[in-house]
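Protein sequence lines correspond, in order, to chains G and E.
Start counting the first sequence at 33; every next residue gets the next number (the working numbering).
Start counting the second sequence at 603; every next residue gets the next number (the working numbering).
Source of the hints: derived by calculation from the structure; they are not laboratory data.
Certain hints may be false.
What the hints assert, rightly or not - Keeping only pairs whose Cα atoms sit at most 25 Å apart, straight-line, the calculated SDA-like set for lysine to any residue is:
{"hint": "1", "chain 1": "E", "residue 1": "Lys660", "chain 2": "G", "residue 2": "Trp198"}
{"hint": "2", "chain 1": "E", "residue 1": "Lys900", "chain 2": "G", "residue 2": "Val94"}
{"hint": "3", "chain 1": "E", "residue 1": "Lys660", "chain 2": "G", "residue 2": "Arg197"}
{"hint": "4", "chain 1": "E", "residue 1": "Lys660", "chain 2": "G", "residue 2": "Ser88"}
{"hint": "5", "chain 1": "E", "residue 1": "Lys660", "chain 2": "G", "residue 2": "Val94"}
{"hint": "6", "chain 1": "E", "residue 1": "Lys900", "chain 2": "G", "residue 2": "Tyr130"}
{"hint": "7", "chain 1": "E", "residue 1": "Lys900", "chain 2": "G", "residue 2": "Ala132"}
{"hint": "8", "chain 1": "E", "residue 1": "Lys900", "chain 2": "G", "residue 2": "Leu238"}
{"hint": "9", "chain 1": "E", "residue 1": "Lys660", "chain 2": "G", "residue 2": "Asn123"}
{"hint": "10", "chain 1": "E", "residue 1": "Lys900", "chain 2": "G", "residue 2": "Trp101"}
{"hint": "11", "chain 1": "E", "residue 1": "Lys900", "chain 2": "G", "residue 2": "Gly165"}
{"hint": "12", "chain 1": "E", "residue 1": "Lys900", "chain 2": "G", "residue 2": "Asp131"}
{"hint": "13", "chain 1": "E", "residue 1": "Lys660", "chain 2": "G", "residue 2": "Asn148"}
{"hint": "14", "chain 1": "E", "residue 1": "Lys660", "chain 2": "E", "residue 2": "Leu620"}
{"hint": "15", "chain 1": "E", "residue 1": "Lys660", "chain 2": "G", "residue 2": "Ala150"}
{"hint": "16", "chain 1": "E", "residue 1": "Lys900", "chain 2": "G", "residue 2": "Asp99"}
{"hint": "17", "chain 1": "E", "residue 1": "Lys900", "chain 2": "G", "residue 2": "Asn148"}
{"hint": "18", "chain 1": "E", "residue 1": "Lys900", "chain 2": "G", "residue 2": "Ala97"}
{"hint": "19", "chain 1": "E", "residue 1": "Lys900", "chain 2": "G", "residue 2": "Arg197"}
{"hint": "20", "chain 1": "E", "residue 1": "Lys660", "chain 2": "G", "residue 2": "Arg196"}
{"hint": "21", "chain 1": "E", "residue 1": "Lys900", "chain 2": "G", "residue 2": "Asp127"}
{"hint": "22", "chain 1": "E", "residue 1": "Lys900", "chain 2": "E", "residue 2": "Pro943"}
{"hint": "23", "chain 1": "E", "residue 1": "Lys900", "chain 2": "G", "residue 2": "Tyr293"}
{"hint": "24", "chain 1": "E", "residue 1": "Lys660", "chain 2": "G", "residue 2": "Leu238"}
{"hint": "25", "chain 1": "E", "residue 1": "Lys900", "chain 2": "G", "residue 2": "Asp232"}
{"hint": "26", "chain 1": "E", "residue 1": "Lys900", "chain 2": "G", "residue 2": "Leu100"}
{"hint": "27", "chain 1": "E", "residue 1": "Lys900", "chain 2": "G", "residue 2": "Gly125"}
{"hint": "28", "chain 1": "E", "residue 1": "Lys900", "chain 2": "G", "residue 2": "Trp198"}
{"hint": "29", "chain 1": "E", "residue 1": "Lys660", "chain 2": "G", "residue 2": "Asp232"}
{"hint": "30", "chain 1": "E", "residue 1": "Lys660", "chain 2": "G", "residue 2": "Glu287"}
{"hint": "31", "chain 1": "E", "residue 1": "Lys900", "chain 2": "G", "residue 2": "Tyr89"}
{"hint": "32", "chain 1": "E", "residue 1": "Lys660", "chain 2": "E", "residue 2": "Trp618"}
Listed below are the residues making up each chain.
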Amino acid sequence: MASAAARTIIQTIRAHKRLSAALALLALAGVILYAATRPPPILLPYGELRIAVDASYPPFAVATADDLWGIDIEIGRALGTRLGAPVRFVNMGFDGLYDALRTDQVDIVLAALIPNAARRGQVRYTRAYFDAGLVLVGGLTRMEESPGRRIAYEFGSVGDQEVRRWQRLVEQPFMPLPYELPQYALDAARLGVADAALVDAVSVRLYLREHAEWRPVLTPLTHTPYVIAVRLDRTTLFEAVDAALAEMLQEGAIEAILRRYL
Amino acid sequence: MLARVTAWTVRLALLWLLLGALRPAGPRALLETPQSVDTLHPQVCVHTRLIDEADEWKIQRTLQLVREMGASTIVEFFPWAYVEDRRDSYHWFVFDRIVRHARNQGLRIIARLGLVPFWARPETAQALTTLNTLPEESYDDFAQFVADFVARYAGDIDHIIIWNEPNLAFEWGFAQVNPAAYARLLQAVYAVAHAANSHVMILAGALAPTLEPEGSPHGLNDLLYLRALYEAGAADYFDALAVHTYGFTEAPEAQPAPDALNFRRAELLRALMVEYGDADTPVFITESGWNDSPRWTKAVRPSLRIAYTLDAFRWAENHWPWLENLCIWAFRFPTLTYSYPDNFALVGTDFQLRPIYYALQAYARGREESGLLWLPPPQEP
């Protein structure tokens with residue numbers, strides 16, 4: 033049966049030599065095209081992990097005369113260790129980060145980056161390694177509990193904006209307590225001048241380092257994720273970085289880094 | 603078989619069209635009863651960013667919020683390249699809808715004109731050109747556009763700024779900045795614009811605050827540039843000076859100095875005008891303000907941004923009789939950059955009003971409750 037089929041095929045090829053040759057060439061071209069356009073299997077083609085950072089944002093990345101330090105720097109070094117590659121940081125202004133990625137000056141951007149929907153055609157974002165959103169600190173766990181209570185916040189901040197929004201949403205009013213700085217709003221919650229403070233996560237963590245004796249209830253209210261960006265066509269690298277980040281989050285390595293600064 | 607496939611294709615196409623027709627209509631931007639601005643401080647002005655807004659209802663909503671805040675005037679960009687893609691062939695639609703809604707809200711418009719269509723840029727393979735590249739042989743084309751613009755919008759737009767920040771290389775087509783060439787541009791525009799609309803006021807400059815020295819490839823110090831502009835004989839070709847002045851990290855009262863960039867740098871520019879016998883020419887500050895980004899070294903805390911902005915208006919009203927408008931950069935952006943420029947806005951891209959909006963509204967409309975914006979720090983027991 034099989035030999036009969038093979039004979040039929042051979043006869044067909046002999047009968048249509050030119051067509052068969054053209055089809056064979058087409059198949060070969062397809063294979064070559066696939067090989068030329070498939071993603072490179074090499075994780076880091078330059079033999080190092082080149083990381084774009086914006087060292088003007090303490091405590092995430094800061095430049096000194098001859099070094100860089102901060103949360104993003106430590107996470108970058110840990111990623112390099114997990115990927116088995118030396119790390120090279122490229123410090124630049126925030127405005128240049130995406131262009132550096134697009135023009136292959138760097139492999140990843142690790143710069144307290146907030147995902148930008150308009151960039152999703154060019155880059156892929158990893159899972160979040162930090163949430164810098166607003167946190168309700170103190171005796172309230174939901175803003176729905178706010179009527180009749182006192183809420184402290186930093187005047188003019190995103191927290192202020194959220195307080196004003198909630199004042200329009202709740203039926204019974206609450207008492208807004210604006211302060212010049214987030215630490216004053218947190219002072220108000222700690223000292224009982226306010227029932228709760230609504231402040232960003234970075235300010236909360238910095239404050240609690242200074243007041244370790246105070247153990248308020250912390251309730252995240254909004255989300256501002258910090259993520260890593262990888263170019264869309266670097267699929268292998270993206271998967272490796274995201275997997276390493278997942279491991280670090282699960283093992284507590286990210287939290288350990290955060291605790292050194294926040 | 604073929605007939606059945608064709609019949610089903612036609613039926614499915616009809617169904618698709620029918621379902622498409624059932625889709626709810628987008629928001630409409632119908633004009634309201636004509637409004638007027640309720641303000642105690644008509645100097646209050648904002649720089650809007652409406653030209654790149656796709657949805658007309660967002661233009662209308664933005665301008666409603668401007669009026670409700672108590673700002674009498676907006677500065678808006680009207681790019682030449684958007685409406686004259688072929689010589690003498692205009693598509694005014696994108697400008698018309700902004701003007702229509704601003705008029706409906708009772709707002710005065712200061713129009714910033716610039717951005718060169720491809721046909722007016724040099725044809726060269728040797729040098730790169732940008733949308734800000736305007737060769738001198740195209741000055742008359744630009745002047746004709748300006749004349750057509752002011753004629754079309756006479757009564758709605760009687761203030762125009764010629765170009766933007768010509769003392770920055772980026773804004774001058776990445777060429778070496780050239781005050782004499784800019785003076786010739788003003789000269790080319792001045793007579794034809796006034797012939798087209800005798801009430802039009804030509805604003806020169808909109809100079810960027812910068813300390814770039816002579817010969818810098820990036821630009822030229824605004825004080826040096828203005829002096830050079832006067833030396834080039836430009837005084838006869840503008841009716842007012844447009845100024846950009848930012849406070850950065852300093853309070854509005856901070857002393858001005860030639861080597862410092864702060865809010866009162868406008869006074870140094872004004873002193874130059876007086877020096878050149880131009881004291882009767884008014885000034886419009888068409889960009890100003892503070893930024894409250896946590897990740898920009900030239901920004902301040904949000905509370906200070908509000909306090910400084912309010913104090914800047916008070917300072918201008920009390921000390922600068924030569925000032926017509928103080929315009930805050932910027933009212934609202936059509937999209938976010940997720941970087942520090944977003945923190946110049948008074949209103950979020952999603953139309954969330956930021957606290958600084960309420961503070962400016964209270965100031966402009968005379969509703970300020972007390973001198974204290976925030977409470978004193980709580981005291982330890």
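Go through the numbered hints given earlier and state which of them the structure violates, listing their numbers in rising order. The structure breaks hints 4, 5, 9, 14, 19, 24, 28, 29, 30, 32; every other hint is satisfied.
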